[in-house]
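Asks: Construct the complete structure from the given sequences, taking the supplied hints into account.
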Amino acid sequence: MTDLSDLFQQIIVEHNHSPRNFKKLVHPTREADGANPLCGDEIKLEVELAGDRIADIGFQGSGCAISQASASLLTGAVQGKSTAEAQELFRQVHAMLTSAPGTPLDTAKLGKLAALAGVRQFPVRVKCASLPWHTLRAALESAAEPVTTE
Amino acid sequence: MTIARHAPHAVPRPAFDVDEVRRDFPLLQTTARGKPLVYLDNAATSQKPHSVIARTERYYAAENANVHRGVYQLSEHATAAYEDAREKARGFLNAASAREIVFVRGTTEAINLVASSFGHTALQAGDEVLITAMEHHSNIVPWQLICAERGAVLRVAPMNSKGELLMDEFARLLGPRTKLVAVAHVSNSLGTINPVAEIVRLSHAEGAAVLVDGAQAAPHGPVDVRALGVDFYTVSGHKMFGPTGIGLLYGTSARLEALPPYQGGGDMIKTVTFAKTTYAEPPAKFEAGTPNIAGAVGLGAAIDYLRGLDWDAVRAHERDLLSYATGRLGALPEVTLVGTAAHKASVVSFTVRGVHAHDVGTIVDQEGVAIRTGHHCTQPVMDFFGVPATARASFAFYNTRADVDALVSAVQKVTRVFAA
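Taken in sequence, the protein lines are chains A and B.
Those letters in the first sequence? Residues 69 to 218, by our numbering.
Those letters in the second sequence? Residues 48 to 467, by our numbering.
Derived by calculation from the structure, the hints in this document are not laboratory data.
A portion of the hints provided could be inaccurate.
Unchecked claim - Derived SDA-like pairs (lysine to any residue); straight-line CA-CA distance at most 20 Å: (1) B:460 with A:81; (2) A:180 with A:124; (3) B:460 with A:85; (4) A:180 with A:79; (5) B:82 with A:73; (6) B:460 with A:78; (7) B:460 with A:72; (8) A:149 with A:160; (9) B:460 with A:79; (10) B:460 with A:112; (11) A:112 with A:205; (12) A:180 with B:465; (13) B:460 with A:71; (14) B:226 with B:215; (15) B:317 with B:331.
Replies: Quick look at the structure:
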């Protein structure tokens, strides 16, 4: 039995309502677009790298609460991290979202991002939570093509 | 006793008993998320009565053979069943002849067929095709493709903020260059019923042919293509309680005879040599290859089922569902209705303040309520109303006021979850 309160945890609802780093950067060094056209989620992610470190990050876009909260949580989590650390975080979040419901999760290193764990019980919504993360990876790897998780 | 026998019944049997009808649909007896299924996505696809399921099974179990080919008894039976379904479709649409009924995969294929065959013969550079602002993508994209190929121009008649076609604007956009008008009978995302007879009258006065996308109209009762005066009419079997992968293209004999074939292959020819091929008469001309025989036979059973209903009573029931749902959802302060035409089918699109439609869909799903959320293959309609997506409840005759109540309770839960 899936539980709505696992999906729409208070932190998700709150970040959707008041997203962090919802902004356009003045001096972005990397950027990428992500869109899921079937469901309409859109995100633009901008990163300002200082050397190898994420000095600033901002996102703009629109979509469901899961995609917007995931983007907001992402910006808070990777701020100040090295690109390698951010890539590692991508791998951990991706593994969490795509793991089978009921399997044990090690969320100790994920902090607030653990709030996204409930999404894995809702397979059709995984693409919403993962869109900002794939967009981040595209930005860090300077991919030219827009990202989609549909 | 003589008097009693001739007296009217004290309690007349209801002309339409929704509880009795619901028992005909096995899927309506199931649960979703541990709750009784409340199925309100009928505009996407409808559930199937036992009779359709049984008829399809019987076809495969006892009648399966290819049609129009074999000289053996089984093929004769399959052909008879297939052609019998065509006759049933003729009756449902009140076409003059079964030769005016072409079996296709669905409305999308029917529109693509007309866009291609009509477009390649009747559209020249500078000619115009007129559609409306509320069309489904399947009644937009095929026209964009053929217009681009032929150098023709696609024009779009606007609607007002209630989702009603602006008939003055429509008439203004019609002209001598308009070769074809393509319009939805009923809008899938707004529920608007368009004034088809009036559209046909204006279009024919300018010499334009009219194609009506009837995908969302046929589930709400038999159609009279001759009274409407249309040149082409399209329906999808799965939206009218029949199988998927089968649909109908109606075309007047004159129109179908004038159109070139859409696809080449077996069954659509008269004679073939390497030098020259002559084509069969309609409808065979448009049915290349082995058709969806089981689908056609199943659709015939769906039409039989629909013909058994008292449509005056069914229409009254659906009107009641629409007004009840409109009233109850419209009374929720956080809900905005999208599509409030005076003349509507039982479709209610809405948004919930501050909550994306997909989140609404996920939350109501937890209550066993199935609705559609998204752009409903009508992105221009979403753009017009300035929303990324809507939630849509679409009702069939087997829905009840209790279904509406379940939806309203579930939508109230959306507000509670997002207030957390």
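Asks: Take the hints in turn and mark each one as holding or not.
Replies: Evaluation of the provided hints:
1. For the proposed pair residue 460 (chain B) and residue 81 (chain A), the alpha carbon gap of about 14 Å is at most 20 Å, so the pair holds.
2. Taking the CA atoms of residue 180 (chain A) and residue 124 (chain A), the gap is near 19 Å; set against the 20 Å cutoff, the hint holds.
3. The hinted pair formed by residue 460 (chain B) and residue 85 (chain A) meets the criterion: a straight-line CA distance of about 17 Å does not exceed 20 Å.
4. The suggested pairing of residue 180 (chain A) with residue 79 (chain A) holds, with an alpha-carbon distance near 8 Å, which does not exceed 20 Å.
5. About 18 Å separates the Cα atoms of residue 82 (chain B) and residue 73 (chain A), which keeps this hinted pair within 20 Å; it holds.
6. Distance check on the hinted pair: residue 460 (chain B) and residue 78 (chain A) sit about 15 Å apart at the alpha-carbon level, within 20 Å; holds.
7. Restraint check for residue 460 (chain B) and residue 72 (chain A): the C-alpha separation of about 11 Å stays at or below 20 Å, so the hint holds.
8. With a C-alpha separation of about 15 Å, the suggested pair residue 149 (chain A) and residue 160 (chain A) falls inside the 20 Å cut-off, and the hint holds.
9. Using a Cα cut-off of 20 Å, the hinted pair residue 460 (chain B) and residue 79 (chain A) holds, with the two alpha carbons roughly 18 Å apart.
10. Taking the CA atoms of residue 460 (chain B) and residue 112 (chain A), the gap is near 31 Å; set against the 20 Å cutoff, the hint is violated.
11. Between the alpha carbons of residue 112 (chain A) and residue 205 (chain A) the distance comes to roughly 12 Å, so the proposed pair stays at or under 20 Å and holds.
12. Only pairs whose Cα atoms come within 20 Å are accepted, and residue 180 (chain A) paired with residue 465 (chain B) is accepted, the gap being roughly 19 Å.
13. Among the hinted pairs, residue 460 (chain B) with residue 71 (chain A) is consistent with the structure: their alpha-carbon atoms are about 13 Å apart, no more than 20 Å.
14. Simply put, residue 226 (chain B) and residue 215 (chain B) have alpha-carbon atoms about 19 Å apart, close enough for the 20 Å limit, and the pair holds.
15. The straight-line distance between the Cα atoms of residue 317 (chain B) and residue 331 (chain B) is roughly 10 Å, inside the 20 Å bound, and the hint therefore holds.
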